[in-house]
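Colleague: Full structure from sequences and hints, please.
Here are the chains, one letter per residue:
4 protein chains.
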Amino acid sequence: MPSDHFAQIRASFARQGMMQTFEAQLTALGPGHCEITAPILPLACQQHGAGHAALGFALGDTAAGYAALTLMAPGREVMTAEIKINLLAPAVGTRLIARGRVVKSGRRLSVVTAEVEAEAAEGSRRLIAVMQGTMVPVDPVPD
Amino acid sequence: MPSDHFAQIRASFARQGMMQTFEAQLTALGPGHCEITAPILPLACQQHGAGHAALGFALGDTAAGYAALTLMAPGREVMTAEIKINLLAPAVGTRLIARGRVVKSGRRLSVVTAEVEAEAAEGSRRLIAVMQGTMVPVDPVPD
Amino acid sequence: MPSDHFAQIRASFARQGMMQTFEAQLTALGPGHCEITAPILPLACQQHGAGHAALGFALGDTAAGYAALTLMAPGREVMTAEIKINLLAPAVGTRLIARGRVVKSGRRLSVVTAEVEAEAAEGSRRLIAVMQGTMVPVDPVPD
Amino acid sequence: MPSDHFAQIRASFARQGMMQTFEAQLTALGPGHCEITAPILPLACQQHGAGHAALGFALGDTAAGYAALTLMAPGREVMTAEIKINLLAPAVGTRLIARGRVVKSGRRLSVVTAEVEAEAAEGSRRLIAVMQGTMVPVDPVPD
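Taken in sequence, the protein lines are chains A, B, C and D.
Counted the way our numbering counts, the first sequence spans residues 1 to 143.
Counted the way our numbering counts, the second sequence spans residues 1 to 143.
Counted the way our numbering counts, the third sequence spans residues 1 to 143.
Counted the way our numbering counts, the fourth sequence spans residues 1 to 143.
If you are wondering where the hints come from, they were derived from the structure by calculation, not from laboratory data.
Beta carbons are placed, not taken as given, at the ideal position from N, Cα and C, and that holds for glycine.
Be aware that one or more of the hints could be misleading.
One side of the interface only, derived from the structure: several residues of chain D facing chain C at Cβ under 7 Å [said to hold, decoys possible]: (1) S12; (2) R15; (3) A53; (4) F57.
No farther apart than 16 Å at their CA atoms in a straight line, the calculated lysine to aspartate or glutamate pairs in the EDC-like style are these [stated by the list, open to error]: (5) K104(D) x E115(A); (6) K104(C) x E115(B); (7) K104(A) x E117(D); (8) K104(B) x E115(C); (9) K104(A) x E115(D); (10) K104(B) x E117(C).
These stretches of chain A come out as covered by chain B in the derived footprint (C-beta under 8 Å, 3 or more residues) [as the list claims (entries may be wrong)]: (11) 7-15; (12) 34-46; (13) 56-68; (14) 77-87.
Modeller: Rendered as structure tokens:
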């Protein structure tokens with residue numbers, strides 16, 4: 001994978017208002033995998049101060065999408081066709097780490113999974129969500 | 001359903017940082033159904049300016065959760081066990097309207113669906129996502 | 001939709017060994033919808049004599065697939081990309097009725113839902129499963 | 001885990017008409033995991049002679065359910081609350097091998113995954129489906 005493909009993905013990530021809102025960072029990227037990390041901010045919480053289900057979803061979905069994009073032709077974009085999340089524990093702690101992974105990369109569909117962990121202040125991690133879904137390549141949208 | 005049950009649900013919704021961030025409003029609430037409406041703000045967009053998949057997810061998941069809560073005993077809280085989203089079209093327009101509905105309310109599990117529509121400036125609406133999931137009642141968290 | 005498209009779908013259904021095993025019948029077919037009915041036979045049961053989850057799945061998945069195929073170009077075949085089932089009640093009674101419906105028909109992907117009901121001996125029906133998934137058109141396989 | 005817990009699970013498996021129909025065998029069982037193997041019989045095929053999606057589903061769902069049951073209290077039974085399958089390739093070959101695994105075992109809900117492989121006549125294997133779902137413990141049904 002040429003390094004400009006990676007650079008395109010990082011530029012795409014940087015353009016996402018939602019990722020900026022969550023102060024998310026793309027902390028790892030390689031062929032078929034992607035990691036995104038974000039603090040659990042009050043602006044992304046549910047009624048009891050834990051991270052909203054949609055926060056874990058946003059990070060896991062985005063990580064899975066970019067994981068799929070690493071294996072598509074350079075210059076393509078990626079879109080979620082469908083994805084499912086099973087929540088295992090409340091999103092409590094200082095930050096969430098989402099890791100997306102490609103199960104099967106296809107011409108028309110890529111099947112992906114993601115795991116989301118919550119990290120406590122002292123550094124221990126707990127799996128809080130697993131996801132399984134389908135990403136599709138799309139033509140880039142002209143600006 | 002006593003009106004203080006509705007009031008509790010509205011108060012729960014008002015405590016959600018994520019819903020405030022998205023400027024979401026609880027626009028309808030009744031036995032077994034709930035509607036949430038939010039503008040498509042730049043802070044909730046993906047790289048091409050459409051609403052992020054997680055925006056539709058956040059609204060649909062929250063609407064489905066409160067739909068389930070309307071049929072649970074007063075004083076309980078609700079948590080998403082799992083939910084799946086199929087995305088049908090990009091979230092473009094001025095606002096999203098998510099409607100959650102209970103398919104089956106049970107003592108341990110409630111099965112729910114949600115539909116998310118995008119509304120254009122001139123008022124036309126387009127279905128952009130469908131969701132199907134499971135909500136569980138939980139004991140309220142002491143403040 | 002020309003009647004030979006319907007005839008092709010009925011012929012495709014008749015070739016399915018699994019549908020024959022379950023003694024399933026294609027009981028309704030129209031643009032964007034399909035209904036399949038089958039008895040709850042001991043050969044399709046789980047350990048307590050109710051229909052196995054895979055029986056409802058088989059009928060609902062097949063009904064949803066043919067519902068999608070009715071809206072595709074004649075001569076295509078259809079394949080399940082992914083599908084999810086939520087089980088609401090045990091599959092007890094004399095027969096199951098599965099109804100598939102197209103939510104959105106696309107060139108590359110069709111989003112579908114299915115409902116499965118169990119019918120008691122005296123004729124009453126109970127919803128036992130809901131499904132949501134994605135069908136893809138494929139080129140016919142040469143015999 | 002006492003050996004009579006294993007024996008109960010094997011006895012439960014043996015009572016399933018659906019597993020007998022598919023000539024499925026419980027080929028491995030341990031704490032939190034279960035493997036089921038079955039030939040791809042014509043009676044379980046779709047219209048082109050590949051295994052029906054419901055065959056892979058049946059094996060993966062059952063493997064995941066018994067994987068969950070190994071971690072529940074002896075004497076309980078297990079039921080699928082919901083499960084999703086992503087199909088990666090046609091179920092062609094001589095047999096399918098489904099492996100269920102527990103992601104999180106809880107008092108009320110267990111989150112599970114399953115992988116289904118197809119084995120060719122010469123012994124090579126190919127991943128054809130991945131599944132993710134929720135199992136619930138239930139009280140045994142009196143005979």
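Colleague: Taking the hints in turn, state whether each one holds.
Modeller: These are the hints, each one checked on the structure:
Hint on S12(D) holds. Least Cβ distance to chain C is approximately 5 Å, under the 7 Å limit. For R15(D), the suggested interface contact is upheld, since its CB lies about 4 Å from the closest CB of chain C, less than 7 Å. The criterion of a C-beta within 7 Å of any C-beta in chain C is met by A53(D), whose closest approach is roughly 5 Å, and the hint holds. Because the beta carbon of F57(D) sits about 5 Å from the nearest beta carbon in chain C, less than 7 Å, this interface hint is met.
Taking the CA atoms of K104(D) and E115(A), the gap is about 13 Å. The hint holds against a cut of 16 Å. A distance of roughly 13 Å separates the Cα atoms of K104(C) and E115(B); the hinted pair therefore holds under the 16 Å criterion. For the given pair, K104(A) sits about 13 Å from E117(D) by alpha-carbon distance, which is consistent with the 16 Å threshold. For the proposed pair K104(B) and E115(C), the alpha carbon gap of about 13 Å is at most 16 Å, so the pair holds.
The straight-line distance between the Cα atoms of K104(A) and E115(D) is roughly 13 Å, inside the 16 Å bound, and the hint therefore holds. Our distance criterion of 16 Å between C-alpha atoms is met by K104(B) and E117(C), whose separation comes to about 13 Å. Residue count for the segment 7-15 of chain A with a Cβ under 8 Å from a Cβ of chain B: 3. That meets the three needed, and the coverage hint holds. Taking a C-beta to C-beta cut-off of 8 Å, the segment 34-46 of chain A contributes 6 residues in contact with chain B, enough for the three needed, and the coverage statement holds.
Figure legend: the segment 56-68 of chain A, annotated as covered by chain B; annotation consistent (4 residues with Cβ-Cβ distances under 8 Å, at least 3 required). For the segment 77-87 of chain A, the proposed coverage by chain B is satisfied: 10 residues have a C-beta within less than 8 Å of a C-beta in that chain, meeting the threshold of three.
Violated hints: none; the structure is consistent with every hint.
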